[in-house]
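Engineer: Given next are the chains, with one letter for each unit.
Protein chains: 2
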Amino acid sequence: MLKRERPKERFGYDPQKVLRKLEELGREILKEVRQGKNPYFDIPTRGLNNVYFDEVKRVIRMGDKLSRRYFLNVAHARKFMQTLLIAAYVKRLVSEGKHASLREAYYANKHTIPGTKENTFEDQSESDPIIEDLERMLGVLREEMHLTADRRGYVYGDITIRDGEDEFNTSKLGMGGWAVPGTVEHIQFVDINVDYALVVETAAMADRLIEEKFPKKERALIIATQGQASRGVRRLIHRLHYEEGLPIIVFTDGDPYGWYIYSTIKQGSINLAYLSEKLATPEAKFVGMTMDDIKKYGLENVTEKLKGIPPNKKGGPTGDYKRIIEEMNYPWFKNKEWQRQLKLALEWGVRIEQQALANKSLEFVAKKYLPEKIANEELLP
Amino acid sequence: MLKRERPKERFGYDPQKVLRKLEELGREILKEVRQGKNPYFDIPTRGLNNVYFDEVKRVIRMGDKLSRRYFLNVAHARKFMQTLLIAAYVKRLVSEGKHASLREAYYANKHTIPGTKENTFEDQSESDPIIEDLERMLGVLREEMHLTADRRGYVYGDITIRDGEDEFNTSKLGMGGWAVPGTVEHIQFVDINVDYALVVETAAMADRLIEEKFPKKERALIIATQGQASRGVRRLIHRLHYEEGLPIIVFTDGDPYGWYIYSTIKQGSINLAYLSEKLATPEAKFVGMTMDDIKKYGLENVTEKLKGIPPNKKGGPTGDYKRIIEEMNYPWFKNKEWQRQLKLALEWGVRIEQQALANKSLEFVAKKYLPEKIANEELLP
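Just so you know, the protein sequences line up as chains A and B, in that order.
FYI, the numbering used here numbers position 338 of the first sequence as 338, with every residue one higher than the one before it.
FYI, the numbering used here numbers position 247 of the second sequence as 628, with every residue one higher than the one before it.
Simulated from the structure, these hints should not be mistaken for lab results.
Do not rely on the hints blindly, as some may be mistaken.
Claimed, not checked - Not everything, but these chain B residues come out facing chain A in the computed CB check (under 8 angstroms):
no., residue
1, S482
2, F549
3, P628
Stated by the list, open to error - A short list of chain B residues far from chain A (calculated; beta carbon distances all over 10 angstroms):
no., residue
4, K472
5, K479
6, R533
7, Y641
Where is the CB? At the ideal position from N, CA and C, for every residue including glycine.
Using the sequences plus the hints, can you model the full thing?
Structural biologist: Structure (structure tokens):
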């Protein structure tokens with residue numbers, strides 16, 4: 001039986017820490033300017049050649065390669081200026097307890113430099129990387145700097161959350177559930193009355209489970225990602241696991257996109273390796289859909305064909321086939337259970353959706369499929 | 382000043398009505414079979430040649446063209462069978478008080494007909510149109526048949542909703558707000574303590590307004606659509622306007638996509654003309670963004686160029702330009718205020734985003750832009 005474990009992290013949001021780091025950065029620059037030196041930032045290098053898979057902690061981590069950005073360097077000066085502008089903006093946001101979207105941060109800092117025709121930023125594609133640079137330099141999440149990502153996803157189950165002055169139970173909001181905000185740094189968990197969290201890819205499936213009263217019967221918290229999990233949802237999952245000891249079980253479609261959603265929740269994305277320790281949940285497990293489910297539950301009639309060209313055909317692999325082969329090479333899928341599923345998908349050339357379980361009956365997923373698999377711990381690592 | 386008006390509709394969801402209509406349909410077919418006749422359905426024709434704009438009610442409506450679908454006709458038999466299958470499925474759903482997604486409805490009804498190799502449905506693209514046929518035939522919403530659409534969007538403000546046994550105030554859910562379910566037929570409004578509803582295109586802007594305490598200060602309900610408004614959100618807006626007398630004000634980006642979002646909320650879409658009377662809210666008004674805002678608020682520096690080729694250039698109009706010209710021909714945009722804005726967009730070749738207002742200050746939209754425009758009723762029809 002799945003049970004809540006002992007917490008491994010404590011509620012740790014501290015705006016003062018972020019402010020201190022920013023002030024330190026500013027003072028350092030100021031000191032160099034006063035000393036007549038050429039001020040610079042050291043920024044951990046982005047990209048694949050500066051990430052590795054930490055086998056012990058089982059997360060993608062950033063290496064220690066740095067690149068130095070000088071003020072007095074024609075190739076660096078623009079980015080140097082942009083970095084200071086965004087750092088100052090973040091300081092203002094955090095001091096005032098305000099949040100801004102990435103887009104707002106871009107617009108707020110875009111202006112023409114007096115006496116020139118030069119704009120500080122021409123496009124959001126200039127400000128976003130600067131924000132990522134700051135995350136890497138300071139070792140804080142964008143959300144801790146009060147810059148919010150796009151929000152998506154909702155939560156339903158017997159937990160009580162405090163957000164500012166409000167306190168509410170997410171199982172008492174009708175069929176709607178609680179919409180997960182872009183930033184969950186500031187929320188507190190007042191009461192957790194569930195045994196585990198079930199992370200569900202599609203809203204339709206989450207709503208099915210809510211309608212079948214699965215959260216109550218199985219003492220589960222439902223977290224609907226509505227596609228790829230937003231950063232807010234990933235951070236919420238991380239916090240529920242590490243601060244509250246909730247086992248995390250992921251339930252997606254049985255296709256390369258669904259498995260990628262699982263992969264991102266579990267390990268983080270390679271582009272954002274520096275966030276893994278705060279956003280990823282390597283202990284997450286996977287309940288389905290798997291290729292074995294197709295045979296076990298007689299779903300052959302409701303599979304769909306994989307898209308693209310198989311590896312053994314001319315021009316292949318492309319599409320779904322190519323993505324599956326990529327996934328076979330992820331370090332966290334290098335185990336016999338996952339290799340088996342991914343190989344079967346390639347062999348059979350099919351995918352299977354969560355909602356295909358409705359072919360049995362609407363109740364099937366809530367009354368048989370999930371309770372059985374979870375009770376028997378038929379879960380992939 | 383905007384104030385709540387007198388309600389024009391009453392809470393009207395009645396599952397028995399849907400069941401009666403389905404039973405009537407079934408009895409009619411059965412009677413014809415028993416009499417040795419060739420049973421048929423009369424289905425209002427889909428497509429542009431069977432819709433018109435009702436100038437009085439100011440909604441798109443379905444015409445009275447019918448097409449007849451016979452059982453004993455090789456070209457009709459498959460669809461006849463599919464229509465009966467789905468009708469029977471809907472009867473079961475509504476009787477049992479269960480809901481299914483369109484995808485579940487497809488999977489649930491897909492099977493191989495015994496003794497043949499024929500599947501009842503090969504693809505969801507076969508079942509969706511059958512569901513639309515039933516909506517048109519019976520004059521009920523898909524949601525009233527317990528078939529739910531994709532859900533998206535959330536709500537924040539001082540209203541109290543009852544959904545089953547739960548009763549909650551959507552301003553007491555922290556920064557998250559209430560996630561709008563796929564179906565809002567069954568919810569009831571217990572208490573409405575706002576003067577109007579502000580429908581907002583982007584989550585980032587809705588969250589800005591929530592952070593600035595706009596809903597409380599301005600006695601407004603915020604409805605975030607997160608892009609194109611889902612059917613659940615459109616139905617919610619309709620019900621808040623007609624059952625609760627709330628004025629509806631829409632706030633989108635100043636670009637063809639944002640104006641289309643407004644258009645869909647206001648008038649419904651041409652494809653789904655038969656739903657207009659239950660999903661559309663023709664009395665909705667538009668606060669921004671407009672082309673005039675660019676000059677009035679000095680936002681020239683934060684506009685973006687329209688995409689595509691202008692009408693006066695070779696190969697044009699394409700992209701944004703083409704969509705704007707299409708929108709100029711919508712009957713509900715055939716008024717001087719909208720023609721002016723759309724013409725200005727074509728002339729200047731620019732678009733303006735909601736979040737560009739952050740260039741003034743984060744508070745600007747909540748403290749100046751919206752309160753001023755709404756108080757002065759600077760709204761487009």
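Engineer: None of the hints should be skipped; say for each whether it holds.
Structural biologist: Each hint tested on the structure:
1. For the restraint placing S482 (chain B) at the interface with chain A, the shortest Cβ-Cβ distance is roughly 4 angstroms, inside the 8 angstroms limit, so the hint holds.
2. Annotation: F549 (chain B) was flagged as interfacial toward chain A, and the flag holds, the nearest CB pair being 5 angstroms apart, inside 8 angstroms.
3. Interface hint at P628 (chain B): violated, since its Cβ lies 23 angstroms from the closest Cβ of chain A, which is beyond the 8 angstroms cut-off.
4. For K472 (chain B), the requirement that its beta carbon stay farther than 10 angstroms from each beta carbon of chain A is met, with the minimum near 14 angstroms.
5. A beta-carbon of chain A comes within 10 angstroms of the beta-carbon of K479 (chain B); the shortest separation is about 6 angstroms.
6. Distance check for R533 (chain B) against chain A: the nearest CB is about 7 angstroms away, which does not clear 10 angstroms, and the non-interface claim fails.
7. The claim that Y641 (chain B) is not at the interface with chain A holds, since no C-beta of that chain comes within 10 angstroms of its own (minimum 20 angstroms).
Hints 3, 5, 6, counting from the list given before, are not met by this structure.
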